[in-house]
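**Q** For the sequence shown, the residue numbers in the numbering used here are 1 to 133.
The hints are simulated quantities; they were obtained by calculation from the structure and are not laboratory data. These numbers come from a predicted model, not from an experiment. Idealized CB from N, CA, C, for every residue including glycine. Treat the hints with care, as some may be off.
To be verified - Straight-line alpha carbon distances no greater than 27 angstroms define the calculated BS3-like cross-link-like pairs of lysine-lysine that follow:
(1) Lys37 / Lys65
(2) Lys88 / Lys37
(3) Lys88 / Lys68
(4) Lys71 / Lys61
(5) Lys61 / Lys83
(6) Lys76 / Lys18
(7) Lys33 / Lys77
(8) Lys76 / Lys88
(9) Lys33 / Lys88
(10) Lys71 / Lys49
What the hints assert, rightly or not - Per label pair, the in silico range of CB-to-CB distance:
(11) Leu102 / Lys37: 18 to 26 angstroms
(12) Asn121 / Lys61: 16 to 24 angstroms
(13) Ala111 / Ala19: 15 to 23 angstroms
(14) Pro56 / Lys76: 31 to 39 angstroms
(15) Asn123 / Asp53: 24 to 32 angstroms
(16) Ser93 / Tyr66: 30 to 38 angstroms
(17) Lys68 / Asp41: 19 to 27 angstroms
(18) Lys83 / Arg22: 23 to 31 angstroms
(19) Ser92 / Ser29: 24 to 32 angstroms
(20) Asp52 / Pro96: 33 to 41 angstroms
(21) His21 / Ser92: 20 to 28 angstroms
(22) Leu86 / Leu46: 32 to 40 angstroms
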Amino acid sequence: MTSDPVSDYLTRVRNAVKAGHRVVEVPASNLKKEITKILFDQGYILSYKFEDDNGPQGTIKIALKYDKLTKDPVIKKIQRISKPGLRKYSGSSEMPRILNGLGIAIVSTSAGVMTGKQAANQNVGGEVLCYVY
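Required output: the full structure, derived from the provided sequences and hints.
**A** Here you go:
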């Protein structure tokens, strides 16, 4: 049992990328599933699969994405922002820009989990979960 499941998820993905693994398995939750869908939609991972056979919540299998020529990982950095000890919130007008628009901020809003750009477009603020670039 971890005190911060989202941080555990991000750390597992980060470690798998650094080790050069193709697939990483993560315990599932609804929030982690939404983060995984956003990473897939934004092109940071190759594919994902939700498996319900292991445990009460199941697992998420994530196929990591690498550059075809240089074999460099697509995810250069994945960083937790809002922690259980210090929550970070942002309004719709002051959503963070990551690498001048090249990266994404994943935000948990009242309208669901989405990227910072989508939150700004829908004029909703929320908790900034992590930065990915």
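**Q** Are the hints correct? Go through all of them and say.
**A** Structure-based check of each hint:
no.: 1; hint: Lys37 / Lys65; in the structure: 14 angstroms, holds
no.: 2; hint: Lys88 / Lys37; in the structure: 22 angstroms, holds
no.: 3; hint: Lys88 / Lys68; in the structure: 36 angstroms, violated
no.: 4; hint: Lys71 / Lys61; in the structure: 21 angstroms, holds
no.: 5; hint: Lys61 / Lys83; in the structure: 24 angstroms, holds
no.: 6; hint: Lys76 / Lys18; in the structure: 9 angstroms, holds
no.: 7; hint: Lys33 / Lys77; in the structure: 19 angstroms, holds
no.: 8; hint: Lys76 / Lys88; in the structure: 22 angstroms, holds
no.: 9; hint: Lys33 / Lys88; in the structure: 21 angstroms, holds
no.: 10; hint: Lys71 / Lys49; in the structure: 23 angstroms, holds
no.: 11; hint: Leu102 / Lys37: 18 to 26 angstroms; in the structure: 20 angstroms, holds
no.: 12; hint: Asn121 / Lys61: 16 to 24 angstroms; in the structure: 31 angstroms, violated
no.: 13; hint: Ala111 / Ala19: 15 to 23 angstroms; in the structure: 36 angstroms, violated
no.: 14; hint: Pro56 / Lys76: 31 to 39 angstroms; in the structure: 34 angstroms, holds
no.: 15; hint: Asn123 / Asp53: 24 to 32 angstroms; in the structure: 40 angstroms, violated
no.: 16; hint: Ser93 / Tyr66: 30 to 38 angstroms; in the structure: 37 angstroms, holds
no.: 17; hint: Lys68 / Asp41: 19 to 27 angstroms; in the structure: 20 angstroms, holds
no.: 18; hint: Lys83 / Arg22: 23 to 31 angstroms; in the structure: 29 angstroms, holds
no.: 19; hint: Ser92 / Ser29: 24 to 32 angstroms; in the structure: 26 angstroms, holds
no.: 20; hint: Asp52 / Pro96: 33 to 41 angstroms; in the structure: 34 angstroms, holds
no.: 21; hint: His21 / Ser92: 20 to 28 angstroms; in the structure: 37 angstroms, violated
no.: 22; hint: Leu86 / Leu46: 32 to 40 angstroms; in the structure: 33 angstroms, holds
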